[in-house]
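So the sequence lines, in the order shown, correspond to chains F and E.
Counting from 0, one number per residue, gives the positions in the first sequence under numbering that gives the first Met the number 0.
Counting from 0, one number per residue, gives the positions in the second sequence under numbering that gives the first Met the number 0.
Accuracy of the hints is not assured; some may be wrong.
What the hints assert, rightly or not - Here are the in silico distance ranges between beta carbons for each label pair: (1) E:Gln160 x F:Arg104: 34 to 44 Å; (2) E:Phe193 x F:Phe75: 45 to 55 Å; (3) F:Thr28 x E:Val104: 35 to 45 Å; (4) F:Phe158 x E:Leu157: 22 to 32 Å; (5) F:Thr100 x E:Asp138: 41 to 51 Å.
To be verified - Some, not all, of what chain E presents toward chain F, calculated at C-beta under 10 Å: (6) Ile142; (7) Glu145; (8) Thr152; (9) Leu201; (10) Asp214.
Quick caveat, the hints were computed from the structure, so don't treat them as lab data.
Even glycine gets a Cβ: it sits at the ideal position worked out from N, Cα and C.
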Amino acid sequence: MKFHVATYILILGFLLASCTTNDSCSEETDVNLKIGFLKRTQNQTTGAYSISTLTIDSIWAKGFEKDSFLYKNSKFKNSILLPLKINANQSEFVIRFNDKTDTLRISHENNDQHFLSLECGSIVTHSIKKVAYSTNFIDSISIINPEVTNFDATHLQIFN
Amino acid sequence: MQRIYKYSISILFSFIALNLWAQQTNKPDSVKAQRGMIKNIRVEVDLVPLITMFSAESQTYSYEAAAQVNINHKYFPVLEMGLAGANKTAQNEINYTTNAIFARVGMDFSLIKPKPGKTLTHNFFLAGVRIGMSNFNFDYNNISVENDYWNETKTFNLNDQNITKVWFEITAGVRVEISPKVYMGWTIRNKNRFGQQIPGELSPWYIPGYGINKDSNWSVNYAIGYLF
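So that you can see chain F by itself, here it is in the shape it has in the complex (with noise of 0.2 Å):
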């Protein structure tokens, strides 16, 4: 009696510590450059620059030759987040400050052995090379952070 009570208990406390896994992905896994904007002013008395951040009080941005918009008419906007492409070397976007227009072009090298995990899996980041740009609104454009990753961080900065 007792053996037949303990197997039963024993196949019970088996069952219980039987392994679960969590099969959903906790990481982020967008992978956006990160542009802010910003303002060179000069005091007039001393003749020295300060920078502050700029809000664009009317923001358009699409990828060249796409239709749709990544952000239409947004408002108040002090930083946009754009996706590179993963499989080709160059992306290009047109962006509307308001009333004026600017391209962007951004020469990037890619890496798609960046892997998270087999819940999350893998991500591309890119590595910033080189920025052109037209004038009409932008000034110039610094890179801080050539790493576009999935984490959240400042890639360029554009001076009006």
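On the provided structure of chain F, position chain E as indicated by the hints.
Chain E only, in chain F's frame:
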């Protein structure tokens, strides 16, 4: 937290069951009657796979056996070896497979010390440590990266990735003689990896002998063995 709760319940049930079995013991020996350091060698095999193999959700398997030496009823050096593997497809359709041999060496210590002149117990309550190692190949298949805005997809496989993993374990367990020279008992293990996981570095989902690739794992073995 849920997993710790499950293991705690399992341990409680196992302990209750073993206490019921341990009522029958063989005629005990006196400490003085046995001479020499090595008293006996016990060879055992893990029974847990016999139960988990019937689970439809089981995506991993692990078979293992062990040989343990009894030195003066105090020290129990042990060698454990086994075959383990995994075949898992995640919700994102990525498939992971591996299959390899693993090994552990270690030492158990009896927490019940035999007193001179007293009759020997044939039941043991052991605590110990292990060092485990496995060198294995693993595959990730059907990895897909998509860029919805640019309508791009990149699909690739990562095959025959070779790696060696080492870990240490803290163990505790019970061995009860259920009939002459036949032992049964459970061992609970807390496993911990050596080394840190580097972000972006390809890592295996499952490590044979260790389990799912996390900083720490808990597991339970239930073994049947024979004394030589």
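Hints, one by one, checked against the model:
no.: 1; hint: E:Gln160 x F:Arg104: 34 to 44 Å; in the structure: holds, 36 Å
no.: 2; hint: E:Phe193 x F:Phe75: 45 to 55 Å; in the structure: holds, 51 Å
no.: 3; hint: F:Thr28 x E:Val104: 35 to 45 Å; in the structure: holds, 40 Å
no.: 4; hint: F:Phe158 x E:Leu157: 22 to 32 Å; in the structure: violated, 42 Å
no.: 5; hint: F:Thr100 x E:Asp138: 41 to 51 Å; in the structure: holds, 49 Å
no.: 6; hint: Ile142; in the structure: holds, 5 Å
no.: 7; hint: Glu145; in the structure: holds, 8 Å
no.: 8; hint: Thr152; in the structure: holds, 8 Å
no.: 9; hint: Leu201; in the structure: holds, 5 Å
no.: 10; hint: Asp214; in the structure: violated, 14 Å
Of the numbered hints stated above, those contradicted by the structure are hints 4, 10, listed in ascending order.
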